[in-house]
Amino acid sequence: MSQRNWSENIRFASAEIHAPRTVEALQEIVRASRKVRVLGARHSFNDAAAIDAQVDVDGTQEVSGDPSWAYISLENLDAPVEFDHESGTVTCSGGITYGELCTQMHAEGVALHNTASLPHITVAGACSTATHGSGDGNGNLATAVVGMELVTADGDLKLMTLEKDREDFEGSVVALGGLGVVTRMTLAMEPAYSMQQYVYNDLPSATLYDNFDEIMSRAYSVSLFPDWQGDTVNQVWFKHRTGRWGVNGQQATEPEAVDLGLPSELYSAKAASTHLHPVPELSAEGLTLQMGIPGAWHDRLHHFQIDSTPASGDELQTEYFVPRAHAVPALQAVEVLRDRFRSMLWISEIRSVAADRLWLSQSYGTPTIGIHFSWRKNWPAVREVMPLVEEALAPFEVRPHWGKLFSIAPKQVQAAFPRMEDFKALLGSADPEGKFRNGYLDRYVFG
Numbered sequence: 340m341s342q343r344n345w346s347e348n349i350r351f352a353s354a355e356i357h358a359p360r361t362v363e364a365l366q367e368i369v370r371a372s373r374k375v376r377v378l379g380a381r382h383s384f385n386d387a388a389a390i391d392a393q394v395d396v397d398g399t400q401e402v403s404g405d406p407s408w409a410y411i412s413l414e415n416l417d418a419p420v421e422f423d424h425e426s427g428t429v430t431c432s433g434g435i436t437y438g439e440l441c442t443q444m445h446a447e448g449v450a451l452h453n454t455a456s457l458p459h460i461t462v463a464g465a466c467s468t469a470t471h472g473s474g475d476g477n478g479n480l481a482t483a484v485v486g487m488e489l490v491t492a493d494g495d496l497k498l499m500t501l502e503k504d505r506e507d508f509e510g511s512v513v514a515l516g517g518l519g520v521v522t523r524m525t526l527a528m529e530p531a532y533s534m535q536q537y538v539y540n541d542l543p544s545a546t547l548y549d550n551f552d553e554i555m556s557r558a559y560s561v562s563l564f565p566d567w568q569g570d571t572v573n574q575v576w577f578k579h580r581t582g583r584w585g586v587n588g589q590q591a592t593e594p595e596a597v598d599l600g601l602p603s604e605l606y607s608a609k610a611a612s613t614h615l616h617p618v619p620e621l622s623a624e625g626l627t628l629q630m631g632i633p634g635a636w637h638d639r640l641h642h643f644q645i646d647s648t649p650a651s652g653d654e655l656q657t658e659y660f661v662p663r664a665h666a667v668p669a670l671q672a673v674e675v676l677r678d679r680f681r682s683m684l685w686i687s688e689i690r691s692v693a694a695d696r697l698w699l700s701q702s703y704g705t706p707t708i709g710i711h712f713s714w715r716k717n718w719p720a721v722r723e724v725m726p727l728v729e730e731a732l733a734p735f736e737v738r739p740h741w742g743k744l745f746s747i748a749p750k751q752v753q754a755a756f757p758r759m760e761d762f763k764a765l766l767g768s769a770d771p772e773g774k775f776r777n778g779y780l781d782r783y784v785f786g
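Residues in the sequence shown are numbered from 340 upward in steps of one, following our numbering.
Worth double-checking, as some hints may not be accurate.
Stated by the list, open to error - Here are the simulated lysine-lysine pairs, PhoX-like style, with alpha carbons at most 20 Å apart:
1. K497 / K374
2. K750 / K763
3. K374 / K763
Unchecked claim - Label pairs and their calculated CB-CB ranges:
4. F785 / L599: 48 to 56 Å
5. E447 / K497: 21 to 29 Å
6. E447 / Q342: 19 to 27 Å
For the record, the hints were derived by calculation from the structure and aren't laboratory data.
Note that CB positions come from ideal geometry on N, CA and C, so glycine has one too.
Full structure from sequences and hints, please.
Below is the structure:
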């Protein structure tokens with residue numbers, strides 16, 4: 340029986356899924372297999388994690404497995420979280436979720452610089468696709484990685500660090516699973532901190548465009564949620580850092596709220612009077628607390644609570660990145676298409692990401708704005724509208740999210756990433772027989 344991704348729009352071929360408990364057992368599986376891919380939280384919306392290139396995003400095509408193929412899950416791998424306070428790093432299994440990792444980190448009194456909206460995704464999977472949160476000064480999640488341990492195509496164990504292997508390392512963190520099985524990752528950490536989250540409703544689009552940089556820099560992390568159906572952005576979420584959490588994460592009482600002097604009206608948007616979901620028709624239950632209620636970093640940076648049940652998966656996602664300098668004209672170009680979005684879009688989210696040096700990062704060499712779409716699960720309609728969005732964004736040096744749906748031609752995708760040829764050479768050297776290559780890599784890296 341085939342396996343599916345979170346949204347159930349991708350069917351993985353009926354190859355065996357291995358869940359080794361030790362690195363040694365994992366190495367033997369890799370050595371014995373002709374094709375290998377790793378399955379994490381299965382939150383990719385395309386076939387990036389699939390072995391066979393013919394997996395159909397419509398979910399209608401059943402793909403037969405091959406006994407020499409191996410899917411690997413790291414969920415059972417015995418790799419405890421280790422803290423090194425002297426170096427300011429934490430080392431964890433590549434298969435741990437951010438929810439699990441953040442909970443253990445906070446108990447140790449330390450934190451990450453940022454998180455994605457969902458806590459249920461795995462560390463290695465998120466970093467390998469340059470998944471991100473928001474914040475003008477915040478790099479994507481992969482920018483926290485300073486070390487990796489991976490099983491290579493010949494089954495050997497390889498250690499890499501930013502300090503010792505800087506050039507290749509910057510090409511290896513966001514690698515789309517093409518270099519091997521990432522068993523452990525070492526991330527930069529910092530002292531735990533407290534945060535407060537506020538939501539404002541109905542920000543006029545014209546005001547946003549006139550004050551874009553000022554609005555996006557108003558808090559540590561800012562998210563805009565438009566549905567494009569009116570002249571306002573439905574909601575703006577401001578996540579403010581308010582101070583240190585406490586020594587070793589221990590406090591006798593919850594942190595007191597800090598008066599940030601926020602007005603009831605900001606840029607003509609009104610402060611929310613209750614907790615809200617970005618999609619108006621959905622309940623805010625399970626979301627991280629808003630209304631300025633103080634909490635720990637990992638209970639505010641995520642949009643969804645760590646112990647919440649992930650959404651049903653009744654959606655398809657696309658996301659595109661443009662250089663920060665093009666943000667306003669890019670958003671205006673998308674807005675022109677709003678009639679095409681009517682009745683098929685749950686919500687969009689606009690976030691900012693700092694520049695970095697990771698070869699396949701969408702923010703390589705430039706700060707970016709991510710323009711995300713959560714579509715209702717109607718593949719024919721999404722397949723029709725994707726090229727329209729991509730055409731509208733084409734003049735603005737658009738780059739797609741590696742883990743979401745897109746229809747940009749492979750050659751255009753390759754041209755959008757200046758270090759793509761270097762990355763291709765890196766993969767060719769590390770895996771000359773193509774054990775970790777799949778149809779996705781064949782198209783967008785080697786095509």
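Going through the hints against the structure:
1. K497 / K374: Satisfied, since the Cα-Cα distance of roughly 19 Å is no more than 20 Å.
2. K750 / K763: holds (13 Å)
3. K374 / K763: Since the Cα atoms of K374 and K763 sit roughly 18 Å apart, the hinted pair holds (cutoff 20 Å).
4. F785 / L599: 48 to 56 Å: This hint holds: roughly 50 Å between Cβ atoms.
5. E447 / K497: 21 to 29 Å: Given range 21 to 29 Å: holds, Cβ gap about 28 Å.
6. E447 / Q342: 19 to 27 Å: About 34 Å separates the Cβ atoms of E447 and Q342, which means 19 to 27 Å is violated.
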